[in-house]
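Chains as they are written, first to last, in numbering that gives the first Met the number 0: chain R, 0 to 272; chain P, 0 to 234; chain G, 0 to 255.
Because the hints were derived from the structure by calculation, they are not lab data.
Computed from a predicted structure; not experimentally measured.
Just so it is clear, CB atoms sit at the ideal spot from N, CA and C, and this is done for glycine as well.
Hints should not be assumed to be uniformly reliable.
[As the list claims (entries may be wrong)] Short derived list, chain G residues pointing at chain P, Cβ under 10 Å:
(1) Gly156
(2) Asp185
(3) Arg191
[Unchecked claim] Straight-line alpha carbon distances no greater than 30 Å define the calculated BS3-like cross-link-like pairs of lysine-lysine that follow:
(4) Lys19/P <-> Lys167/R
(5) Lys164/R <-> Lys171/P
(6) Lys164/P <-> Lys89/P
[What the hints assert, rightly or not] Using C-beta positions, here's what the derived DEER-type ranges look like:
(7) His152/G <-> Phe112/R: 27 to 35 Å
(8) Asp101/R <-> Ser59/P: 23 to 31 Å
(9) His152/G <-> Ala53/P: 31 to 39 Å
(10) Lys66/P <-> Phe96/R: 21 to 29 Å
(11) Lys93/P <-> Asn240/G: 49 to 57 Å
(12) Thr188/R <-> Glu243/G: 52 to 60 Å
(13) Lys4/G <-> Ala53/P: 52 to 60 Å
(14) Phe112/R <-> Pro16/G: 48 to 56 Å
(15) Ala53/P <-> Ser75/G: 57 to 65 Å
(16) Glu111/G <-> Leu190/R: 36 to 44 Å
(17) Lys66/P <-> Tyr249/G: 34 to 42 Å
(18) His152/G <-> Gly128/R: 57 to 65 Å
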Amino acid sequence: MKKIKLNNQKKVGIIIIIFMIVFVLLGFLNPNPFDLMNKDLKLAGPTFRHLFGCDEFGRDILKRTQTGMGISVAISVFSVLIGTFFGTVIGSLCGYFGGIVDEVLSSIIDVLFAVPSLLLALVFVSLFGSGYLQVTLALGIAIVPSFAKMMRSEFKKQRELEYVKMAKLLKIPTARILFVHILPNVTETFLNCVFIAFNNCILAEAGLSFLGIGVQPPLASIGTLLSDGGGYIRKAPFMVFFPALTLILLLFGIGLLSSGESFHHAYSKRFKD
Amino acid sequence: MSEKVCEVKNLTYYYPKSDKGVKNVSLYVNKGSIVGLLGESGCGKSTLAKCISAQLTPESGEIICKKIGYIFQDNYASLNPAKKVGWLLKETIKYANPEKYFEYEKRIKNILDDVELDETVLEHYPSELSGGQRQRIGIAMALLSNPDILIADEPVSALDVTVQKQVIKLIKKLNERKNLAILFISHDIKVVREICNYIYILKDGELVEEGESETLFTNPSSEYTKNLLDSSYLE
Amino acid sequence: MLTVKDLKIEFFDHDLPEVAVKDVDFTIKDGEILGIVGESGSGKSMTAMAIAGLLNRKDLTKSGVIDLDGTDILNSPRKKIREIQGNEIGFVFQDPLNSMNPVLKVGPQVEEAMRIRKKELGLSKEDMKNRAIEVMKSVGLDDAERIYESYPHQISGGQRQRAMIAAALVLKPKLLICDEPTTALDVTVQKRIIDVLKELNEKTGTSILFISHDLSVIKALCDRVVVMKDGLVVEEGSVKNIFENPSKEYTKQLIF
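Excised from the complex, chain R in its bound form:
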């Protein structure tokens, strides 16, 4: 009876994202290794063997884009998981209980909010060294405040509704009220937050790698590819063009998925008194 109704924007978004997943998975079939250097192919343009061309060390850009995309997405997925988990827990506690719990947790969140995520990542990297684990963790923590704020306001609204009071009267455990009773009612905001956070993560990771504090060579991420290609933009524009194109496509797909009318239930049957 309950269907999730998809509008056209969401359909296009899903198609683009499936396309990107296939693109990354096809990397396993690509015979060119991502770190094999070949001085004969230095900055060679696209050919049938190397569809996206080769970089300044003669490495295959297609393969590097595919692995880079995989790594970027993996980092973002895990950061979003971390951020979502802590954000939802903190936000729901703040919104549901209010009072002193809300004040303490909210002030911590506000302090976190005041620190730019880039700075946070820099602190992390300088403390624990650079690498994708640190980046994942730093990005994850950077997501928590905004997520917690959104969830807080949603839970605060839901708390006032009578079904929650009913659950309280039945003495249902609070954790169950929070995550079994209320959470399904805020999925709309929840999903939109996840999409937006994911988008920001991909961009932030690209930015960090661009600054050289993310993924270390010879591994690639979309960010390192762009920063490497930047130096050769006149001689070999394809070095930037193809990774940038895939990044834009992915972000566009996610953007479409989170845009427009949100997911809602379509009901086919109604009763009348």
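Got chain R; can you put chains P and G on it based on the hints?
Leaving out everything else, chains P and G in the frame of chain R:
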């Protein structure tokens, strides 16, 4: 003298930083009777209900009550919109009556019979049901905890007149069959007159009048009650 | 003065077209109070909105005739309808809190209809204020000067609703449409509003279309009544007839 299932003595509750609330209210509900609590908006009738059902902690006074079932006014918000009716009933049994959880299917069947619904509603979301059906589900959920007294806070105010009548009939039937006491809270004189045996009238947090339904309507003693009766275009 | 004939309103915003109102016919004579009674989903509010010319939406189709003293409201251009609204038809909504702008004072909101036509009517600021206060007093707002300077949240629900009635009346419309004006109010306040409407009708001869789900209020106020159900007219007649011998089973159920 029949047995009291709920008694409130000198209850006082003020909302924080305001002079609104209930002031020194005493009332009782006998087993098997339907007691009405009548008043206009802001008179404190819902506050009183919340105090009795322990949603609010009164400042002073005493509440002695047996097991309470609670029916909310807004039949839309009182059912979790993300869950199917079957799930809601199951969840209620699980927490209100855990020792009977093993036979929940039988319990659900019985309770649906009690509120005159058939089993097709179990597979639906609350938003797919009509207002009357939703309110019946609300009553069913209140009944699942085997209460001695049912507190009904404006249970029919959000419904159409014809549906109101059906729900009132149902509440009356439950009262007769199960000998269930009911505290019926409403602003609607017509509804209260239809259903209640004994009536308390509340104004600005204080009781202004109480009495048997018949005497109160034919021979009101306080000025406020007279005004109220006069304003409601009773036939 | 008002004739509604074969009114049909159909919605297209869902997958299936939905008929909100069908085959609705009735008339309102000069100085008459007509009640429309029905439950939720009966199409009574839709009918009222159509008469007030408030159904300029793309997702519905309307057919039939709504004739107000020779003007066909249903098929007139928007500009013409704007002229009629306020001038000849006043509208009072159900919820007095939501139908007022919370950040503006009550006075200017009562004056609104006059301000739009300030130039044609040649009204000064003083004139408008005097007129507004005069109308507010006529609907039973005794301290109109204070209320004129108040914000909506500073006055009670009954006062707000009377201010809204005043706002609908400033240009002396011939027809006042009230869509459940007393539903959100307490009974004692409701009685006062009904009394105000009755008095208004007797004094100025303004016709009133009063929409309600509550038959007893209709009985207290109206001359004639139209009973609607699921977009159709079930029964029509004088209040006396409908109450003493309702011919339809549905009407009997409505009478509490």
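Status of each hint after checking the structure:
no. : hint                              : result
1   : Gly156                            : holds (8 Å)
2   : Asp185                            : holds (4 Å)
3   : Arg191                            : holds (8 Å)
4   : Lys19/P <-> Lys167/R              : holds (25 Å)
5   : Lys164/R <-> Lys171/P             : holds (25 Å)
6   : Lys164/P <-> Lys89/P              : holds (28 Å)
7   : His152/G <-> Phe112/R: 27 to 35 Å : holds (33 Å)
8   : Asp101/R <-> Ser59/P: 23 to 31 Å  : holds (29 Å)
9   : His152/G <-> Ala53/P: 31 to 39 Å  : holds (32 Å)
10  : Lys66/P <-> Phe96/R: 21 to 29 Å   : holds (27 Å)
11  : Lys93/P <-> Asn240/G: 49 to 57 Å  : holds (55 Å)
12  : Thr188/R <-> Glu243/G: 52 to 60 Å : holds (56 Å)
13  : Lys4/G <-> Ala53/P: 52 to 60 Å    : holds (59 Å)
14  : Phe112/R <-> Pro16/G: 48 to 56 Å  : holds (49 Å)
15  : Ala53/P <-> Ser75/G: 57 to 65 Å   : holds (60 Å)
16  : Glu111/G <-> Leu190/R: 36 to 44 Å : holds (42 Å)
17  : Lys66/P <-> Tyr249/G: 34 to 42 Å  : holds (40 Å)
18  : His152/G <-> Gly128/R: 57 to 65 Å : holds (59 Å)
Consistency with the previously given hints is maintained throughout, with no hint failing.
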